[in-house]
Amino acid sequence: MKGRWKSVKKNSIDFMFLLPAALVFLFVIAVPFFQAFGIAFTNWNGLSKEYDFVGLKNLTALFHDTQTINAVSNTMEYTVITCIGVNILALAITVGLNLNVAGNRFLKSAMFLPIIASLVITAFIWQRIYGDVFPVNFGIVSPLTRLNTVIPGIALMCLWRDTGLAMVIYNAGIQSVPGDLKEAARIDGANAWQSFWNVTFPMLAPAFTTCVTLWLGYGLKVFDYPKAATGGGPGKASETFSLFVYNHFFTNNRAGYGQMAGLVMLIFVVVITGVVTKLLRKREVQL
Numbered sequence: 001m002k003g004r005w006k007s008v009k010k011n012s013i014d015f016m017f018l019l020p021a022a023l024v025f026l027f028v029i030a031v032p033f034f035q036a037f038g039i040a041f042t043n044w045n046g047l048s049k050e051y052d053f054v055g056l057k058n059l060t061a062l063f064h065d066t067q068t069i070n071a072v073s074n075t076m077e078y079t080v081i082t083c084i085g086v087n088i089l090a091l092a093i094t095v096g097l098n099l100n101v102a103g104n105r106f107l108k109s110a111m112f113l114p115i116i117a118s119l120v121i122t123a124f125i126w127q128r129i130y131g132d133v134f135p136v137n138f139g140i141v142s143p144l145t146r147l148n149t150v151i152p153g154i155a156l157m158c159l160w161r162d163t164g165l166a167m168v169i170y171n172a173g174i175q176s177v178p179g180d181l182k183e184a185a186r187i188d189g190a191n192a193w194q195s196f197w198n199v200t201f202p203m204l205a206p207a208f209t210t211c212v213t214l215w216l217g218y219g220l221k222v223f224d225y226p227k228a229a230t231g232g233g234p235g236k237a238s239e240t241f242s243l244f245v246y247n248h249f250f251t252n253n254r255a256g257y258g259q260m261a262g263l264v265m266l267i268f269v270v271v272i273t274g275v276v277t278k279l280l281r282k283r284e285v286q287l
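All residue numbers for the sequence shown refer to my numbering, where the first residue is 1 and numbers rise by one.
Any given hint might turn out to be false.
To be verified - Straight-line C-alpha distance at most 20 Å; calculated EDC-like pairs for lysine to aspartate or glutamate: (1) 221 <-> 77; (2) 227 <-> 77; (3) 236 <-> 224.
Quick caveat, the hints were computed from the structure, so don't treat them as lab data.
All chains, full assembly: derive it from the sequences and hints.
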C-alpha cells in the first residue's frame, strides 16, 4: 500500500509539471482548432456577432472558384521549384565542399549565413535587388512584375535563404558515411561519380527524406515570400493557397469561406507530405 501511494504521489508530481504545457496546448491550439472547424460551416464575416450555418456551401463554392485553381497552381509551381532546387543545390554544393577544397569551412559558414534572415526580410532584400540592381546593372526587368516569371522570382528567394540549411543536413549525412565503404569502392576501381552514386548517395537516404519532406511542407504552405514581395500580384499571379486563405478571411471579410479553405489546405498538406514521406521511407528500407 505504501509503495502504491509513492507511485501515485510521483505520478501526481509529474502531472503537475506537464499541466502548464497541457493548458497552453488546450487553449492555444486545441480549442481554436475546433472553433475554426465550426466557423468553416458558417457565413461569418469575421466581425459581426451573428452568422448562419450554411453546411457545405463554402466547400462547394471553394471547388467552383476559379481563383482556387489559380492558387493551387501557383503553390504547386513554387513547391516543385523550391523542393527540387534546394535539394539539388544543397547536395551538389555539400559534395563539392567535402572534397578538401581550400577554405571549405569558410564557404560552408557563408552558405549558411542567409538563413539568419527572416522570411520577410529576405523578401524585402530580393524585392530591392529585383527592382534596383537588375534594371540598372543588367537591364533586366524585375521578374516580380511579369506574370510568367513572378513565381520563379519568388522561388529564388527561398533557394538563396534555405540552401544553407539543407546543406547542414546533407553534410551531417555525408560525414556519417563510413570511410571503409569509400575506400572499398576505390579499390574496386570506382571513379568519383560511381563512388558517390553507389556508395554515398544511398547512405544519404535519411537526409534526403528529411530535406524533401521539409521543403515540400514549406512550399505547400508558403505565405511570407509572396505576401511581402508582391502581395499576390501582379493580379493574382503569385497568390499561393495560404495567401488565398488570408485574403478571404481578413481582406474580403469572408471568414467562414476562408476558414473552409484553410481546412482544405490543412488536409491537402498533410496528405501530400504523408504520402511522399511514406514512399521515401520505403525507399530507405529498399536501399
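Hints, verified against the model:
no., hint, result
1, 221 <-> 77, "holds (12 Å)"
2, 227 <-> 77, "holds (16 Å)"
3, 236 <-> 224, "holds (16 Å)"
In this structure, none of the earlier numbered hints is contradicted; all agree with it.
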